[in-house]
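From first to last, the protein sequence lines are chains V and P.
Heads up: the first sequence runs through residues 30 to 456, numbered per our numbering.
Heads up: the second sequence runs through residues -4 to 145, numbered per our numbering.
No lab work stands behind these hints, which were simulated from the structure alone.
Idealized CB from N, CA, C, for every residue including glycine.
Possibly wrong hints are sitting among the right ones.
[Said to hold, decoys possible] Label-pair restraints from in silico Cβ distances:
id: 1; chain 1: P; residue 1: Gly99; chain 2: V; residue 2: Tyr361; range: 40 to 46 Å
id: 2; chain 1: P; residue 1: Gln8; chain 2: V; residue 2: His380; range: 42 to 48 Å
id: 3; chain 1: V; residue 1: Arg438; chain 2: P; residue 2: Asp87; range: 51 to 57 Å
id: 4; chain 1: V; residue 1: Gly301; chain 2: P; residue 2: Asp13; range: 56 to 62 Å
id: 5; chain 1: P; residue 1: Arg19; chain 2: V; residue 2: Ala264; range: 56 to 62 Å
id: 6; chain 1: P; residue 1: Arg19; chain 2: V; residue 2: Asp390; range: 46 to 52 Å
id: 7; chain 1: P; residue 1: Gln8; chain 2: V; residue 2: Arg97; range: 44 to 50 Å
id: 8; chain 1: P; residue 1: Val23; chain 2: V; residue 2: Arg57; range: 54 to 60 Å
id: 9; chain 1: P; residue 1: Arg19; chain 2: V; residue 2: Arg350; range: 52 to 58 Å
[To be verified] Some chain P residues well away from chain V (every beta-carbon gap over 12 Å; in silico):
id: 10; residue: Asp2
id: 11; residue: Gln9
id: 12; residue: Arg19
id: 13; residue: Val23
id: 14; residue: Glu25
id: 15; residue: Ala27
id: 16; residue: Asp28
id: 17; residue: Pro36
id: 18; residue: Gly39
id: 19; residue: Asp49
id: 20; residue: Gly60
id: 21; residue: Ser61
id: 22; residue: Gln76
id: 23; residue: Lys80
id: 24; residue: Lys86
id: 25; residue: Val94
Chain by chain, the residues:
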Amino acid sequence: MTASPTTAAAQAARAPAPAPSGPFDLERIRAEFPILSRPVRGKRLVFLDTAASAQAPRAVIDAVRRYREEQHANVHRGVHYLSEVATAEYEAARVKIARFLGAADAHEVIFTRGTTEALNLATWTLGKTLVGAGDEVLVSAMEHHSNIVPWHLLCQEKGAKLVVAPMDDRGALQLDELERRLSPRTKVVAVAHVSNALGTVNPVAEISALAHARGIPVVVDGAQGLPHGPVDVRALGCDFYAFSGHKAYGPTGIGALWGKMEWLDRLPPWQGGGDMILSVAWDKIVFNKPPFRFEAGTPNMEGAIGLGAALDWMEAVGRDRIAAHEQELLAYGTGLLSSIPGVRLVGTAPHKAGVLSFVMDDVHPHDVGTILDREGIAIRTGHHCAQPVMARFGIPATARASLGVYNGRDDLDALARGIEKVKAVFG
Amino acid sequence: MNGMNDDLQDLYQQVILDHGKKPRNFRVLEDADRTAEGLNPLCGDHYTLFLKLDGDTIRELTFQGSGCAISKASASLMTQQLKGKTVAEAKDLYERVHVLVTEGPERAGEIGKLAVLGGVCQFPTRVKCASLAWHTLKSALEGGAVVTTE
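Just chain V, same shape as in the assembly:
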């Protein structure tokens, strides 16, 4: 007897990834990313903008194409074969995410458009339930706008206050200052796992312990955390963890919010529509259980399946090995950029992930970015959707080189040569 698509996909999703063996082979990794073989401006592409969006390996591109070519139909609706296949694949992706995060239950994983929507979902369900007039939401000084603006909107609506835990001159969170700001009025703590502008890794487990001692839930923006090393939500101790697929080698337009079931069970719906209800009558609507209660409308199935493939791919490479590779490069790049006169790194916290934000004497980051681009080097320039971080360091913007699994020392050497070119142009 043939196993149903549902059973087969679910079993495959739960199976542990084969343990990677042998040395980390950068050239083999690079060969899996089709885009890296295309020249840019007549040069080898030096892609140092993974923190904005990662490139996708062949496995992800193939999974999305296979879904469109062989598996597509609407999920959770049809009785026909393709609907069953699509539902199985979509739900298998949810199981993979749960496994990847160390979550207890796949029903704790809510698909969203990305981190931004995940944080908005947390704000307008958890935040809306807990925060009232005169209450406080505590965020860190290094948050991305998407972990500031939703909370600001909520506070404005509720007459509550957004409180900020500061960081030091290296860009490290001041945990004692954070603790001092936990008051009886604090209802939610929301922090980045890793700062997108500075690369700082925040001590989420310690933050969670401090907050939980006061009964306060912790929401983590994991957009820059999940792609760059092992994440175990139970070890982190947080209550919610948001992330995006496209920063983790998956497609755009997909991400997830993981939340502890004890919270999800209590929270009201956010968006209304199909799939999030059990029954609708004019006099009574019964909502579905989590996670479906929070997934109104036809979801991004190919995105979810592509994301599942991306997580499988990361596990096959080895998450510890990805983290170790990026840490080695980060140390190399830090040394390299620090040795160039006129270049100053912004964000030098002791515990960092693969982000090298820098400024140059007398050259605006935007001009740096344009000149590097002509060398085929892609970096991000600007405020990185973290204007309060820029204000904290008294700068309008930075140039940011960010690392991914496919980067090597040659990329950072190219960056250093590009910076010399910037200096030559600006004399």
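Fit chain P to the given chain V structure using the hints.
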């Protein structure tokens, strides 16, 4: 500058680099009768423009703020070029600079010293930098407000 691509050389001409480093009329105008703010949310460029009119003539034009070499040089050159011009002349120049940075020097016609901004048309991501001050000027001439390039 050896080995620099031609289009980079067109973008970062000496005049641009000079005005980017040492912007002219870079000061607050205490007795301005119009001010306007210009923002480029993408890169954080932020300028304030100060305008003093004498009837229909631009008597003084100064600016303050921070941004890249292109945006700063464009603002600096603008303040030099427009002093003494009428509002109508300034608006005409605004239109022609727009053509210059989006479509190139051939389409813009004779435009004097501002021709150094022509290299920008090879850099679509930098057009907003070159035009920020000019959008801000238009806003100031029309009464003044915050403009953004988004």
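Status of the hints after comparison with the structure:
A hinted range of 40 to 46 Å for the beta carbons of Gly99 of chain P and Tyr361 of chain V is consistent with their spacing of about 42 Å. In this structure the hint that Gln8 of chain P and His380 of chain V lie 42 to 48 Å apart at CB holds, the actual value being about 44 Å. Look at Arg438 of chain V against Asp87 of chain P: about 54 Å separates their beta carbons, and that is inside 51 to 57 Å. Checking the proposed 56 to 62 Å range against Gly301 of chain V and Asp13 of chain P shows it holds: the Cβ atoms sit about 59 Å from each other.
The beta-carbon spacing between Arg19 of chain P and Ala264 of chain V, approximately 58 Å, falls within the hinted interval of 56 to 62 Å. Taking the beta carbon of each, Arg19 of chain P and Asp390 of chain V are about 22 Å apart, not inside 46 to 52 Å as hinted. In this structure, Gln8 of chain P and Arg97 of chain V meet the distance hint of 44 to 50 Å, their C-beta atoms being roughly 49 Å apart. Here the CB-CB span from Val23 of chain P to Arg57 of chain V is close to 59 Å, well matched to the stated 54 to 60 Å.
The hinted window of 52 to 58 Å between Arg19 of chain P and Arg350 of chain V holds, with their beta carbons roughly 55 Å apart. With a least CB separation of 8 Å from chain V, Asp2 of chain P falls inside the 12 Å interface cut-off, contrary to its annotation. Listed as a non-interface residue, Gln9 of chain P fails to keep its Cβ farther than 12 Å from every Cβ of chain V; the least gap is roughly 9 Å. Taking the minimum C-beta to C-beta distance to chain V, about 17 Å, the non-interface status of Arg19 of chain P holds against the 12 Å cut.
Look at Val23 of chain P: its CB is around 18 Å from the nearest CB on chain V, clear of 12 Å, so calling it non-interface holds up. The Cβ of Glu25 of chain P lies farther than 12 Å from every Cβ of chain V, with a closest approach of about 25 Å, so its non-interface assignment holds. Look at Ala27 of chain P: its CB is around 23 Å from the nearest CB on chain V, clear of 12 Å, so calling it non-interface holds up. Against chain V, the non-interface label of Asp28 of chain P holds: every CB pair exceeds 12 Å, the least being about 28 Å.
Interface exclusion of Pro36 of chain P from chain V breaks down, the closest Cβ pair being 8 Å apart, not more than 12 Å. Against the 12 Å criterion, Gly39 of chain P falls within the reach of chain V, whose nearest CB is about 4 Å from its own CB. Asp49 of chain P, annotated as away from the interface, keeps every beta carbon of chain V farther than 12 Å; the closest lies near 34 Å. Residue-level check failed: Gly60 of chain P sits 9 Å from the nearest beta carbon of chain V, not beyond 12 Å.
At roughly 5 Å from the closest C-beta of chain V, the C-beta of Ser61 of chain P falls inside 12 Å, breaking its exclusion from the interface. Look at Gln76 of chain P: its CB is around 22 Å from the nearest CB on chain V, clear of 12 Å, so calling it non-interface holds up. Non-interface call for Lys80 of chain P relative to chain V: holds, since the shortest CB-CB distance, roughly 28 Å, exceeds 12 Å. Listed as a non-interface residue, Lys86 of chain P keeps its Cβ farther than 12 Å from every Cβ of chain V; the least gap is roughly 27 Å.
Distance to chain V confirms Val94 of chain P as a non-interface residue, since its nearest Cβ pair spans about 22 Å, more than 12 Å.
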